[in-house]
Amino acid sequence: MQTISVEEAVAKIPDGSSLLIGGFMSVGTPERIIDEIVRQGKRELTVVANDTALPGVGIGKLIDARLVRKVIASHIGLNPETQKQMMGGDLVVELVPQGTLIEQIRAGGYGLGGILTATGVGTEVEKGKRKIDIDGRTYLVELALRADFALVHAFLADYLGNLAYALTARNYNPVAAMAGNTVIATAEHIVPIGVIAPDHVMTPAPVVDFLIGNP
Amino acid sequence: MDPQTIIARRIAQELRAGMLVNLGIGIPTLVANHIPEGLQVFFQSENGLIGTGAIPAEGMAHPMLTDAGGRPVTALPGASTFDSAMSFGLIRGGHVDVTVLGGLQVDQKGNLANWMIPGRMVPGMGGAMDLVSGSKRVIIAMQHSARGKSKIVRQCDLPLTSIRPVDLVVTELAVISFPKGLATLIETGPGVTVAQVTAATEATLAVPEHVPEMRF
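Chains as they are written, first to last, in this note's numbering: chain X, 1 to 215; chain L, 1001 to 1216.
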């Protein structure tokens, strides 16, 4: 793990990258990284996240700045700008059931090819997907998802890069951190080694490539 | 009583101590306001919380303690938090006893459509498909009609949420269950007659000899 500035971290993200971004309606989203992506004007991004938050907030800022080409998310209903760009054909949006999306990411990070879920069977979600019957129940084959970068936000990070998340800001973060080829983290507080007890570490340090230092 | 209160109060009667319950947005959220005092029900918020409490008092909101809409909530004593994989493991894995969701249409076999209107409203399904597919019991809270049209239809023409039928539909006019896969009127709303319910319903309802009124 290497500690760097947010400017240096974002400079490592090429145009056209895929980004797995933690957060749920912007709660637990690494806001400083988002702001810097907007400042550096990274383009043609693919974003994998639960939602696109609201205009002007979290991932919504990337949408507002028209930096995103494709979104894979479970819900965009609270961001009219995402819907506008989608209807206008400027943005490709792939909608995935929330429980399927998080498991696809988990599979990606845990070395699995995909998962089987009954969610979506017999609905529009099953279009183009393989189905498997096991003990009389039908499941969809949902493939694993990874991304070039995982961008996560922790509550605590220690000097080694061990991460702990707080309350409902945990959401996608520990799962996303496993599924990025490069993992960049921010934290509310950077603390000495040992402050996060081993039992309370949610993302182990070796998973994190870059920890963004305090401004 | 207004329609929303009738629906929320009636559904609250379905909840028992110790249940893990997931409430959707809209009318379902109101169910929490009608739980009898002292009844321990665990409310799950799918962004990663069991033990969701009321809206925080002025100045007590925490930016990292929110509901699925991103609004501040409180956590009750005994609450727990977890990541989204566990949250949906709880949902898909059959650990949620009851989910209460809104609906656009329910048909006479109990199929639900509640996540999109093609060409008009495409918000994404969020957790709805997992909740309907995986919860032990699915209760739909919705007004009986929208723009003068019955929401309880012969067959859904909107895209389905799941092929798993719902267990109970509660409107301001009726409580409908689906024994043997057939919509059956089991209660009428306060002051509502069976004839009024069937007249307001597109689906064919099985009507037992005695249909009681909702009691509060």
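Source of the hints: derived by calculation from the structure; they are not laboratory data.
Warning: the hint list may mix true and false statements.
To be verified - Here are the simulated EDC-like pairs of lysine to aspartate or glutamate, each with C-alpha atoms no more than 20 Å apart in a straight line:
id	chain 1	residue 1	chain 2	residue 2
1	X	Lys12	X	Asp135
2	X	Lys70	X	Glu94
3	L	Lys1136	X	Asp135
4	X	Lys127	L	Asp1157
5	L	Lys1109	L	Glu1202
6	X	Lys70	X	Asp148
Against the structure, the hints come out as follows:
Using a Cα cut-off of 20 Å, the hinted pair Lys12 (chain X) and Asp135 (chain X) is violated, with the two alpha carbons roughly 48 Å apart. Distance restraint check for Lys70 (chain X) and Glu94 (chain X): the Cα-Cα separation of roughly 8 Å lies within the 20 Å cut-off, and the hinted pair is therefore satisfied. Distance check on the hinted pair: Lys1136 (chain L) and Asp135 (chain X) sit about 19 Å apart at the alpha-carbon level, within 20 Å; holds. Proposed proximity of Lys127 (chain X) and Asp1157 (chain L) is supported: the alpha carbons are some 18 Å apart, at most 20 Å.
Distance check on the hinted pair: Lys1109 (chain L) and Glu1202 (chain L) sit about 13 Å apart at the alpha-carbon level, within 20 Å; holds. Distance restraint check for Lys70 (chain X) and Asp148 (chain X): the Cα-Cα separation of roughly 14 Å lies within the 20 Å cut-off, and the hinted pair is therefore satisfied.
Checked against the numbered hints given earlier, the structure breaks only hint 1 and satisfies all the rest.
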